[in-house]
Amino acid sequence: MPPLELDSILEGRRSQPHQLIEVLQDVQEKYGYIPEEAMRVISKDLGVPLIDVYSAAVFYKAFTMKPRGKNVVTMCLGTACHVRGAKLLLNQATGQLGIESGETTEDGLFTVEHVNCLGACALGPVVTENGSYHHHMTPGKLRKLIDSLGREKTEDASHA
Amino acid sequence: MIPCLFQDCLAKGCFLNGHINLSIDGKTVICPPGASVLEAAEENGIKIPTLCHHSGLEPFGACRLCLVEDENTGRLMASCVTPAAPDMAVLTASPRVIKHRRNIVRLMMAEHPESCIVCSKGNRCQLRRIAAQLGIGETGLYPMPNYKAYEQANPFMVRDLSKCVLCGKCIRADHELVVAGAIDYSHRGFESRPATVHELPLELSSCTFCGTCLSMCPTGALAPKNNMFVGTPDREIPTVCGFCGVGCSLSMGVFSDTVVEVNPSRGKNTVNGSTLCVRGHFAHDFLNVSQRLTRPLIRRDGQMSPASWDEALDTAATRFLAVQKESGPSSVAFLGSSKCTNEENYLFQKIARVLLKTNSVDNGGYLSGRSALAPLYKRTNGGDRVRSLAGLEKAEAIVVIGADVTETLPVVSYGLKRAAQKGTPLIVIDPRQTGLSAHASMRLPLKPQTDLELINGLSALLVRKKAQNAIFTDHFTKGFEAFKEALLKLDLEKTGRVTGVTPEALDEAAEYLRGKSVAFVVGGGVLEQRYAALTLDALFNLCLMTGSLGHAGAGLYVLAQENNQAGAWDMGTVPDALPGRQPLNDSLAREKFERAWQASISPDRGLDLIRMIEEAEKGNLKALYVMGENPLRALPQPDRVKRALEKLDFIVVQDILKTETTEIADVVLPGAAFSEKGGSFTNLEGRIQFFNPAVPPPGEAKPDWEILDLLARKMGSPRRFGSLERLRGEIAGLVPMYAGINEGSGAVWVVEASDKELFKNEGGARVSFAPVSSIEEEGQSDSYPLTVILGSVRFHLGSGTRTGYSGRVREFHQNGAVELSPQDWTAFGLQAGDSVKLTSAHGSVVRETAKNSALTQGLVFVPEAVHNNDARNLIGLFPLGQPDSPGWKTCPVRLEKL
Numbered sequence: 001m002p003p004l005e006l007d008s009i010l011e012g013r014r015s016q017p018h019q020l021i022e023v024l025q026d027v028q029e030k031y032g033y034i035p036e037e038a039m040r041v042i043s044k045d046l047g048v049p050l051i052d053v054y055s056a057a058v059f060y061k062a063f064t065m066k067p068r069g070k071n072v073v074t075m076c077l078g079t080a081c082h083v084r085g086a087k088l089l090l091n092q093a094t095g096q097l098g099i100e101s102g103e104t105t106e107d108g109l110f111t112v113e114h115v116n117c118l119g120a121c122a123l124g125p126v127v128t129e130n131g132s133y134h135h136h137m138t139p140g141k142l143r144k145l146i147d148s149l150g151r152e153k154t155e156d157a158s159h160a
Numbered sequence: 001m002i003p004c005l006f007q008d009c010l011a012k013g014c015f016l017n018g019h020i021n022l023s024i025d026g027k028t029v030i031c032p033p034g035a036s037v038l039e040a041a042e043e044n045g046i047k048i049p050t051l052c053h054h055s056g057l058e059p060f061g062a063c064r065l066c067l068v069e070d071e072n073t074g075r076l077m078a079s080c081v082t083p084a085a086p087d088m089a090v091l092t093a094s095p096r097v098i099k100h101r102r103n104i105v106r107l108m109m110a111e112h113p114e115s116c117i118v119c120s121k122g123n124r125c126q127l128r129r130i131a132a133q134l135g136i137g138e139t140g141l142y143p144m145p146n147y148k149a150y151e152q153a154n155p156f157m158v159r160d161l162s163k164c165v166l167c168g169k170c171i172r173a174d175h176e177l178v179v180a181g182a183i184d185y186s187h188r189g190f191e192s193r194p195a196t197v198h199e200l201p202l203e204l205s206s207c208t209f210c211g212t213c214l215s216m217c218p219t220g221a222l223a224p225k226n227n228m229f230v231g232t233p234d235r236e237i238p239t240v241c242g243f244c245g246v247g248c249s250l251s252m253g254v255f256s257d258t259v260v261e262v263n264p265s266r267g268k269n270t271v272n273g274s275t276l277c278v279r280g281h282f283a284h285d286f287l288n289v290s291q292r293l294t295r296p297l298i299r300r301d302g303q304m305s306p307a308s309w310d311e312a313l314d315t316a317a318t319r320f321l322a323v324q325k326e327s328g329p330s331s332v333a334f335l336g337s338s339k340c341t342n343e344e345n346y347l348f349q350k351i352a353r354v355l356l357k358t359n360s361v362d363n364g365g366y367l368s369g370r371s372a373l374a375p376l377y378k379r380t381n382g383g384d385r386v387r388s389l390a391g392l393e394k395a396e397a398i399v400v401i402g403a404d405v406t407e408t409l410p411v412v413s414y415g416l417k418r419a420a421q422k423g424t425p426l427i428v429i430d431p432r433q434t435g436l437s438a439h440a441s442m443r444l445p446l447k448p449q450t451d452l453e454l455i456n457g458l459s460a461l462l463v464r465k466k467a468q469n470a471i472f473t474d475h476f477t478k479g480f481e482a483f484k485e486a487l488l489k490l491d492l493e494k495t496g497r498v499t500g501v502t503p504e505a506l507d508e509a510a511e512y513l514r515g516k517s518v519a520f521v522v523g524g525g526v527l528e529q530r531y532a533a534l535t536l537d538a539l540f541n542l543c544l545m546t547g548s549l550g551h552a553g554a555g556l557y558v559l560a561q562e563n564n565q566a567g568a569w570d571m572g573t574v575p576d577a578l579p580g581r582q583p584l585n586d587s588l589a590r591e592k593f594e595r596a597w598q599a600s601i602s603p604d605r606g607l608d609l610i611r612m613i614e615e616a617e618k619g620n621l622k623a624l625y626v627m628g629e630n631p632l633r634a635l636p637q638p639d640r641v642k643r644a645l646e647k648l649d650f651i652v653v654q655d656i657l658k659t660e661t662t663e664i665a666d667v668v669l670p671g672a673a674f675s676e677k678g679g680s681f682t683n684l685e686g687r688i689q690f691f692n693p694a695v696p697p698p699g700e701a702k703p704d705w706e707i708l709d710l711l712a713r714k715m716g717s718p719r720r721f722g723s724l725e726r727l728r729g730e731i732a733g734l735v736p737m738y739a740g741i742n743e744g745s746g747a748v749w750v751v752e753a754s755d756k757e758l759f760k761n762e763g764g765a766r767v768s769f770a771p772v773s774s775i776e777e778e779g780q781s782d783s784y785p786l787t788v789i790l791g792s793v794r795f796h797l798g799s800g801t802r803t804g805y806s807g808r809v810r811e812f813h814q815n816g817a818v819e820l821s822p823q824d825w826t827a828f829g830l831q832a833g834d835s836v837k838l839t840s841a842h843g844s845v846v847r848e849t850a851k852n853s854a855l856t857q858g859l860v861f862v863p864e865a866v867h868n869n870d871a872r873n874l875i876g877l878f879p880l881g882q883p884d885s886p887g888w889k890t891c892p893v894r895l896e897k898l
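Those protein sequence lines, which keep their order, are chains A and B. With the first letter of the first sequence counted as 1, position 138 gets the number 138 in this note's numbering; the numbers rise by one all the way through. With the first letter of the second sequence counted as 1, position 479 gets the number 479 in this note's numbering; the numbers rise by one all the way through.
What the hints contain is simulated information worked out from the structure, not anything from laboratory work. Hints should not be assumed to be uniformly reliable.
Under the rule of at most 20 Å between Cα atoms (straight-line distance), these lysine to any residue pairs were calculated in the SDA-like manner [unchecked claim]:
hint, chain 1, residue 1, chain 2, residue 2
1, A, LYS44, B, LEU204
2, A, LYS44, B, ARG418
3, B, LYS422, A, HIS18
4, A, LYS44, B, LYS422
5, A, LYS44, B, GLY137
6, A, LYS61, B, PHE190
7, B, LYS99, B, GLY137
8, B, LYS394, B, GLY382
9, A, LYS44, B, ALA438
10, A, LYS61, B, HIS187
11, B, LYS714, B, GLU326
12, A, LYS66, B, HIS187
13, B, LYS422, A, ASP45
14, B, LYS394, B, GLU176
15, A, LYS66, A, HIS18
16, B, LYS897, B, GLU811
17, B, LYS148, A, ASP45
18, B, LYS422, A, GLY47
19, B, LYS394, B, THR424
20, A, LYS44, B, GLY423
21, B, LYS422, A, GLU5
22, B, LYS268, B, SER388
23, A, LYS66, B, SER192
Computed from a prediction, not measured in an experiment: that's the story for all the values here.
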């Protein structure tokens with residue numbers, strides 16, 4: 001892992017404990033997760049005990065402690081999606097990629113997650129892929145989506 | 001909480017003073033403003049069940065069990081977080097309240113494992129008690145136990161978070177009381193549990209194993225880990241901790257005459273409140289080890305063999321009297337104990353002075369700087385004795401100098417950290433980064449043994465900034481002008497050179513202190529160094545100059561390493577003073593005691609601890625009586641001490657445990673630990689705390705004061721005291737500062753009797769400034785290029801005799817690794833796991849090594865107490881310089897990689 005560069009994030013926020021969430025959001029944005037070392041630096045520079053940084057970081061779903069894949073596929077398992085077969089979608093994704101929900105594939109291309117409601121119940125079942133919403137999903141559509149995302153990335157790699 | 005003054009209110013008719021009256025369960029009650037409904041109810045004897053409330057913590061409102069119903073609105077409110085309001089009317093047990101309360105407990109029980117039968121919390125489980133009170137056997141709900149990994153890798157506590165009800169007491173104790181930052185809520189919802197950072201085991205977190213959370217846990221989620229089945233205590237007995245000088249109030253859990261558990265006492269206004277440290281909580285298992293002495297022993301033909309009390313005491317008495325008669329009073333000496341009670345120390349020195357006519361009496365407090373404090377005590381002439389630790393949290397600024405309190409006196413460190421958390425400026429003066437540094441406003445990393453120069457520099461800066469408290473110095477002191485002149489002449493560049501502290505850092509520190517009355521916390525780093533007495537003088541000068549005396553929350557807090565260090569001195573177990581710290585060469589004081597004791601007392605100073613060893617080496621000292629001390633482990637140069645003491649004709653050791661010293665004794669008398677006898681200890685605040693036995697002594701062992709009482713009779717004392725009350729009566733009559741000792745229960749304070757105006761209400765003399773002294777820059781010798789700093793670790797006290805017998809402390813694997821700076825680590829080419837040999841001019845130790853990135857280059861930290869306290873080999877055994885200062889905190893060494 002390259003050395004952390006947090007100066008730009010911490011600039012002007014040092015010794016201000018109330019900036020904790022904002023700093024964590026920026027770190028999440030920059031690295032895709034909250035590295036362990038980053039928590040130590042944040043703790044020291046903001047003057048917040050390490051345990052408080054950790055407690056905040058694990059409380060919010062917006063922060064992850066592990067690096068995530070290039071593509072984050074998120075299933076909604078809320079009530080409306082559930083009754084329309086969201087569980088099948090989750091099975092499709094985890095089966096296809098060979099990982100459990102919350103895990104990342106070994107090649108670092110995919111992370112599968114589930115949430116309890118995305119607030120788009122009328123469109124269910126809903127799946128988001130890197131922030132874009134796919135409505136009325138079926139296992140078949142999801143298979144194609146994952147296939148195409150996987151191809152895109154391999155093509156990227158072969159072009160490069 | 002503010003006490004409710006119900007009776008007073010009625011009597012004085014002070015309803016208008018803001019006191020609130022409300023109705024609880026139809027009964028009109030009165031409570032002070034700011035109290036919660038729960039507090040108001042409790043004060044008036046109305047019980048409301050709760051799991052998350054604790055009087056020592058901020059209200060939290062997590063468990064919702066303390067629901068009450070507002071009669072006016074019908075609303076249900078958590079009473080612990082609802083402030084009492086005028087004309088409020090609440091019901092604590094209405095059918096609605098009970099219905100909801102039952103539902104909450106049912107839900108908790110549905111998540112709780114069905115392991116009550118084998119749970120060590122047993123009948124003390126608050127959840128179980130409340131469930132039983134509410135008649136909840138079956139929850140009638142689908143059980144959803146939330147199994148979590150059982151954590152018990154450390155030897156001190158077991159965490160079974162399946163039983164956690166998320167009351168948050170452990171987390172709040174960690175954050176609000178001990179400020180360790182080890183645990184917090186982790187995750188949320190059903191997943192939520194108290195956890196360490198990255199859910200690591202406790203031993204890898206910042207947890208100090210103080211056990212405060214464990215004593216508060218309402219369920220079996222946190223429990224002490226015992227190496228064997230010990231049973232659930234059948235009674236709890238209050239007592240006072242026998243380890244460090246803080247003197248925490250304990251509650252000993254006793255099961256069939258064995259202490260099986262220790263918790264902070266629930267008493268009010270105790271030193272420690274609801275906190276303890278790892279020693280107080282867990283190291284008391286030394287009380288039950290097989291190495292306890294249970295019967296008197298006499299050496300016969302080189303072998304120790306059991307004897308009757310009569311025989312042992314007869315031997316001790318006749319041999320001592322014979323030696324004294326043959327070789328004179330200077331041939332016998334008495335080593336008393338800073339761990340034994342006031343009553344015992346009084347009796348001990350009385351035996352020495354009256355029956356054997358010798359002033360050669362000392363105690364282990366000598367090792368931790370008692371002699372360096374004596375000149376300061378003389379300067380205040382007996383004032384400034386009483387200083388409550390609670391005051392520290394009210395200080396305007398705090399300076400901690402030479403005190404690694406998180407390790408030596410953890411309970412003091414909690415107060416300091418709480419103060420820092422509230423924003424009190426905290427300056428740490430220490431060559432090493434200590435556990436307090438992270439909480440401090442700043443640290444001044446000075447070179448070892450240069451504290452004197454630093455304090456003078458700080459005083460000089462404050463004078464230059466005209467930041468002295470002129471009203472104070474004008475009113476209470478004399479000699480300020482001369483002191484000021486001397487300071488103005490001080491070369492601050494030299495200060496920087498000698499101490500290694502930059503002028504900017506010193507200036508920043510002075511700014512923190514400007515215009516404030518300051519609390520100075522002084523520890524072993526100052527008391528045990530070469531310039532101890534001079535540094536204390538300089539610190540006291542700074543106290544006077546800043547007006548930091550005479551009121552709570554400021555002044556000189558001198559830390560005592562051992563529980564009755566102050567008391568042993570007060571009781572005269574010292575070579576140069578009578579009980580009450582009355583100087584031996586004061587003929588008025590002497591006459592008073594001569595009259596009372598009907599004996600003549602020599603005005604000549606006796607042998608102190610070091611001189612006892614020297615005289616034994618020379619063959620001039622022939623008999624030694626040791627009570628509750630282990631000089632063969634605690635003194636520098638243990639081998640030399642052993643050789644010296646083996647030369648003695650006769651040595652009696654009265655102790656509770658088999659120690660290095662009992663091995664060479666001619667007579668061993670088994671005494672009782674503090675939990676097995678009555679008595680009193682005087683803590684570092686000047687608080688005399690009384691205690692009664694919790695359990696009987698093991699086997700034939702006897703309380704030490706009884707042994708001394710019997711011995712005195714055998715040595716020719718006309719009559720026995722026979723009871724603690726009579727002993728205390730004599731002390732109260734002869735020692736004005738202990739006038740309160742007749743009280744016999746709870747706690748009383750030492751009576752200050754100074755002639756200085758500062759410590760009296762009016763009139764009296766002024767306190768003078770001590771001359772400004774200075775030290776020279778010291779170069780490092782080529783043959784010993786590194787400097788060792790000896791220091792304590794949290795798990796042990798002093799030389800570690802008692803704590804070393806604690807199975808749990810031993811199991812925690814303290815390898816006593818010496819710590820080196822990263823620069824030295826690299827320079828010596830060390831790898832993890834390497835051992836090194838440290839050699840000083842006096843001896844050497846072999847230890848494993850550890851890299852400490854916070855250590856300055858050239859410094860080596862060597863933990864004491866471990867490995868039979870072999871660190872004592874490094875320092876020399878020599879008489880103290882004048883003024884008496886030990887100078888064995890640091891020593892130059894060279895390092896060889898093995």
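Do the hints match the structure? See the list:
1. LYS44/A / LEU204/B: holds (19 Å)
2. LYS44/A / ARG418/B: holds (19 Å)
3. LYS422/B / HIS18/A: The given pair, whose Cα atoms are some 16 Å apart, holds under the 20 Å limit.
4. LYS44/A / LYS422/B: Holds, at roughly 18 Å.
5. LYS44/A / GLY137/B: Roughly 49 Å separates the two Cα atoms, so the pair is violated.
6. LYS61/A / PHE190/B: At roughly 14 Å apart (the allowed maximum being 20 Å), PHE190/B and LYS61/A satisfy the hint.
7. LYS99/B / GLY137/B: With Cα atoms ~15 Å apart, LYS99/B and GLY137/B stay inside 20 Å; holds.
8. LYS394/B / GLY382/B: Not OK: LYS394/B and GLY382/B at ~24 Å, beyond 20 Å, violated.
9. LYS44/A / ALA438/B: Given pair LYS44/A, ALA438/B holds - Cα atoms ~9 Å apart, limit 20 Å.
10. LYS61/A / HIS187/B: Holds, at about 9 Å.
11. LYS714/B / GLU326/B: Given that 20 Å is the threshold and the Cα spacing comes to 18 Å, the pair holds.
12. LYS66/A / HIS187/B: holds (15 Å)
13. LYS422/B / ASP45/A: This hinted pair holds, its Cα atoms lying about 19 Å apart.
14. LYS394/B / GLU176/B: Satisfied, since the Cα-Cα distance of roughly 16 Å is no more than 20 Å.
15. LYS66/A / HIS18/A: Distance ~24 Å between LYS66/A and HIS18/A Cα, so the pair is violated.
16. LYS897/B / GLU811/B: Outside the cut-off at roughly 27 Å; violated.
17. LYS148/B / ASP45/A: violated (34 Å)
18. LYS422/B / GLY47/A: Status holds; Cα separation ~14 Å.
19. LYS394/B / THR424/B: holds (9 Å)
20. LYS44/A / GLY423/B: Roughly 17 Å between the alpha carbons, so the hint for LYS44/A and GLY423/B holds.
21. LYS422/B / GLU5/A: violated (32 Å)
22. LYS268/B / SER388/B: holds (15 Å)
23. LYS66/A / SER192/B: Holds - the C-alpha atoms of SER192/B and LYS66/A are around 19 Å apart, at most 20 Å.
Consistency note: the structure conflicts with the earlier hints numbered 5, 8, 15, 16, 17, 21.
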